[in-house]
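**Q** As a plain string of letters, each chain reads:
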Amino acid sequence: MHQAIATVPKASGTVEARRAELFEEQKQNIIQHTDWIFARLMPLQWIGGIIVALFVSPRTWAGTESQIHPHIWAAVLLGGAITSLPVFLTLNQPGKALTRHTVAIGQMLMSALLIHLTGGRIETHFHVFGSLAILAFYRDWRVLMSATTVVYIDHLARGYFWPQSVYGVLAAPVWRSLEHAAWVIFEVAFLVISIRKSQSEMFSVAARQAELEALNANIEGVVEERTAELIRENAERRQAEQRLKKSQAQLAQAQQIAHVGSWEWDIVADSVTWSDETGRLYGQRSEDLGSPMAKCFQRVHPEDAVWARSIMEEAMRNLKPFECEHRVVTPGGIERVIHSRGEIVADARGRAIRMIGTAQDITAAKRAAEALRQSDEKLRQSQKMEAVGRLAGGVAHDFNNLLTVITGYSDLLLRELSEANPLREDAEQIQHAAARAAALTRQLLAFSRKQVLQPRVLELNGVVANMGAMLRRLIGEDIELRTSFDSLLGQVKADQGQIEQVILNLAVNARDAMLHGGKLTIQTANVYLDQKSVARNRELEVGEYVMLAISDTGVGMSEEIQAHLFEPFFSTKGVGKGTGLGLATCYGIVCQSGGDIRVYSEPGTGSTFKIYLPRLLTSSAEISTPKASGELPRGQESVLMVEDDSSVRKLAASLLRSCGYQIQEAVDAIEALAIIDRHGAFDLVITDVIMPQMSGKELYSKIMQRAPGARVLFMSGYTDDALAHHGVLDEGLHFLEKPFSPARLAQKVRTVLDNTAGE
Amino acid sequence: MARYEHTAGATGRTPQNWPTDSTVALDHFHATLLMFAHPKCPCTRASLEELNRLLTHCQGQVTTHILFFTPEDAATDWTQTGLWQSARAIPGLRVEADLGGRQAARFGAETSGYVVLYDPRGELLFHGGVTAARGHAGDNTGETAIAALLGARQAETERTPVFGCTLQNPERASQFGVEACIKP
Chain E
1 MHQAIATVPK
11 ASGTVEARRA
21 ELFEEQKQNI
31 IQHTDWIFAR
41 LMPLQWIGGI
51 IVALFVSPRT
61 WAGTESQIHP
71 HIWAAVLLGG
81 AITSLPVFLT
91 LNQPGKALTR
101 HTVAIGQMLM
111 SALLIHLTGG
121 RIETHFHVFG
131 SLAILAFYRD
141 WRVLMSATTV
151 VYIDHLARGY
161 FWPQSVYGVL
171 AAPVWRSLEH
181 AAWVIFEVAF
191 LVISIRKSQS
201 EMFSVAARQA
211 ELEALNANIE
221 GVVEERTAEL
231 IRENAERRQA
241 EQRLKKSQAQ
251 LAQAQQIAHV
261 GSWEWDIVAD
271 SVTWSDETGR
281 LYGQRSEDLG
291 SPMAKCFQRV
301 HPEDAVWARS
311 IMEEAMRNLK
321 PFECEHRVVT
331 PGGIERVIHS
341 RGEIVADARG
351 RAIRMIGTAQ
361 DITAAKRAAE
371 ALRQSDEKLR
381 QSQKMEAVGR
391 LAGGVAHDFN
401 NLLTVITGYS
411 DLLLRELSEA
421 NPLREDAEQI
431 QHAAARAAAL
441 TRQLLAFSRK
451 QVLQPRVLEL
461 NGVVANMGAM
471 LRRLIGEDIE
481 LRTSFDSLLG
491 QVKADQGQIE
501 QVILNLAVNA
511 RDAMLHGGKL
521 TIQTANVYLD
531 QKSVARNREL
541 EVGEYVMLAI
551 SDTGVGMSEE
561 IQAHLFEPFF
571 STKGVGKGTG
581 LGLATCYGIV
591 CQSGGDIRVY
601 SEPGTGSTFK
611 IYLPRLLTSS
621 AEISTPKASG
631 ELPRGQESVL
641 MVEDDSSVRK
651 LAASLLRSCG
661 YQIQEAVDAI
671 EALAIIDRHG
681 AFDLVITDVI
691 MPQMSGKELY
701 SKIMQRAPGA
711 RVLFMSGYTD
721 DALAHHGVLD
731 EGLHFLEKPF
741 SPARLAQKVR
751 TVLDNTAGE
Chain L
1 MARYEHTAGA
11 TGRTPQNWPT
21 DSTVALDHFH
31 ATLLMFAHPK
41 CPCTRASLEE
51 LNRLLTHCQG
61 QVTTHILFFT
71 PEDAATDWTQ
81 TGLWQSARAI
91 PGLRVEADLG
101 GRQAARFGAE
111 TSGYVVLYDP
121 RGELLFHGGV
131 TAARGHAGDN
141 TGETAIAALL
151 GARQAETERT
161 PVFGCTLQNP
171 ERASQFGVEA
181 CIKP
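If you're matching them up, the sequences are chains E and L in order. For the record, in the first sequence the residue sitting at position 726 is 726 according to the UniProt record's numbering, with numbers rising by one throughout. For the record, in the second sequence the residue sitting at position 78 is 78 according to the UniProt record's numbering, with numbers rising by one throughout.
Chain E extracted, bound-state conformation (with noise of 0.2 Å):
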């Protein structure tokens, strides 16, 4: 039943189509309905009659014998016949008007049987006004009129043939019949208005339904319509929300690798937004998203955010794009310098009200230049240190000698001079002054590190403790001298020439800066230096060192003047007052000794110059003490004089002749190896070191190959790294240092000739 509305195809035409469509679905819904009942009351009928035979007439009697009723029979006959038909075509063919009319008979006729079979009881002619209202149920009228027609049909037929099978009398007028006829017209009459009233309520409600669904079909047009156009907004937001996440990924990933965020600042709520490498340049997180710009400020550099703001808000007055390097700090503690850009943009009325820009980590470029600037200073600082060192080192080799000369021979007049000769102060002032024309040499060659050092195991203490009594002399009685000394103090190796010489010029510094006296305090202690410690100054490796550390109750200096304190020919004692080569010559000194020197200072609370020099670990019994100066030591050996410089030649020849030596000379290294030849070997080589032709240290390697173990005392001004490593004279070898006096050269002679393991 319910399939077959299914199955009614929808006019697609005018809303009246569609309402004649629907009334007649809604009555073949009902008719199918209907046939559906009669499909199964007609056989309950037919049983219900079967039943009421058997109870009612069972069986025909005659006398004591009976058989079966004829009743039976005809209610299991003629009800199967007449229920048959109508039964077959409610299933089979439901809904058609042959079917319900073929019912309406059928229902008819079993009335009539059920009549006969109840003896004619007036009880059961209600079946016939029962079935015309089930039939009624169909709500065709047409359908009463079949039913109608038959009962009225079956009684005309019967009164007019058959009257006492119907009125009992042989004989009825025609009025009877049509009596019967009327009380089922009378039923059916008013069972026809009812169907006609009922079939107009189903066409209302079928109109109304074509409306209905009219008006729903042009929602769902449009909804249809709206719902395309939203999944097509939809495909295309997502497509754009798509593209926009790609395009994002992409920018945060240029900006991560350029390590360029931008952000965007709105002025009017004060609400600051960022992209992640925005954020974590500046170390802020994700949640602070939206924080005002003076929030913002807390993450940059207390020195650098003043005047960062001024710029920022310069740049909202003017309206113009501004930018700026300033330093942040992280949360973490990470330091890093961006380099900020932004612009302003404005409304109508020209007030600014958003600023967009980009921060850039330059930290990297910024460290870099800084690199660069100190590899620059430092290449600089060591092209001058060259310049100066080579133009020292070409006056100092001849002017060495010079003074090697006037020393030498000023000492041999002092010596023939008695001490009341007049003449003998003439002597000591030209001794004098080559004295210190030999230490102007001698700095020029320390601070630009091309002297050469003779290391040797010192202890510092007792260094500091012999120059106490020249020390007191040098600062005066103004300034108060006080020693700290750590009793524990490591050794370290050095030049002690060279060490007493840049104390000797810090505490004249320090006496300068005291003019109206003060104290200069030399303290010694052992110290490590650890990584934080490193690079003050140059860097050092981490681990023990012994401190020098000298101290001033002076004016102080300032941080420009500590800047450029230990470069050459700087000076702050006027013109005439100092060379400018004094700090120099420590620096040169120390560094040169692989220490480092450092110092203190804020004006008005003195000076602190700390020497850190490295401690040796293992102590060593090779402890150089000074040596007092006495009658020139003596010898018979025989000694070959290799100079080319003739008058340090003759005078150092002269000289030693003058002890006892048995003196050959020679102008270069190839006369020298003649003579050698030609004479045999010597018990010791004095050789220049710079000579033409052949260098001195040519000259040992041949006199080595000739005759290993062979002496070689080499003497130089300046020796051009011919013997010396980095200054540090080589291993095994013998050095004198120009301008010598008769003394040093007699001693130096004596020691290397004495010792054959060198000094």
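No wet-lab data here; the hints were simulated from the structure. We put the CB at the ideal spot given by N, CA and C, even for glycine. Errors might be hidden in some of the hints.
[Stated by the list, open to error] Partial selection, computed: residues in chain L whose CB lies under 10 Å from chain E: (1) His38; (2) Pro39; (3) Lys40.
[Claimed, not checked] Beyond 10 Å from chain E on every Cβ pair, some chain L residues (computed): (4) His28; (5) Pro42; (6) Trp84; (7) Arg121; (8) Ala148; (9) Thr166; (10) Leu167; (11) Gln168.
[Unchecked claim] To give an idea of the chain L side of the interface with chain E (calculated C-beta under 7 Å), a few residues: (12) Tyr4; (13) Ala8; (14) Ala46; (15) Asn169.
Model the placement of chain L on the given structure of chain E, informed by the hints.
**A** Chain L in isolation, oriented as in the chain E frame:
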């Protein structure tokens, strides 16, 4: 089935005067009506209903007996059927057993539902059935005639066909010279 329903049953010779050897007493003050019935005949229920309706209309005008055929060798409950009980429920109706169908034979009744009506003097007024067809209640000529006779009116007929089962077995019926009505 139409033939079955509308084929009248057999009737014997009904005496014009009340038989003197009848065990049923004649009412000398009112008319006397006898109905002969087979206790198991389903058609007779319609006749009994018509009799009931007739007695309702003619109350006090007639003395009525219903005589149920009872075989000689029948068990005591053979007659005690629903029809017997229905008859006993009708007021004024005297229910009696007709052992061996002797009374029926005296009054010429061979078909169940057969009715005879005698006046107080013992003269036959009517005999026949009170249904229009076998087992069918409703208006019929016999009932109309009896009602008219009891009302001292002119009846359309004094004799009607009777529809019902045969009172006697076929062999007995032939003995009495009647034809069985149980042919289908």
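**Q** For every hint, state whether the structure bears it out.
**A** Taking the hints in turn, this is what the structure says about them:
{"no.": "1", "hint": "His38", "result": "holds (5 Å)"}
{"no.": "2", "hint": "Pro39", "result": "holds (9 Å)"}
{"no.": "3", "hint": "Lys40", "result": "holds (5 Å)"}
{"no.": "4", "hint": "His28", "result": "holds (33 Å)"}
{"no.": "5", "hint": "Pro42", "result": "violated (4 Å)"}
{"no.": "6", "hint": "Trp84", "result": "holds (14 Å)"}
{"no.": "7", "hint": "Arg121", "result": "holds (30 Å)"}
{"no.": "8", "hint": "Ala148", "result": "holds (13 Å)"}
{"no.": "9", "hint": "Thr166", "result": "violated (4 Å)"}
{"no.": "10", "hint": "Leu167", "result": "violated (6 Å)"}
{"no.": "11", "hint": "Gln168", "result": "violated (5 Å)"}
{"no.": "12", "hint": "Tyr4", "result": "holds (5 Å)"}
{"no.": "13", "hint": "Ala8", "result": "violated (11 Å)"}
{"no.": "14", "hint": "Ala46", "result": "holds (5 Å)"}
{"no.": "15", "hint": "Asn169", "result": "holds (4 Å)"}
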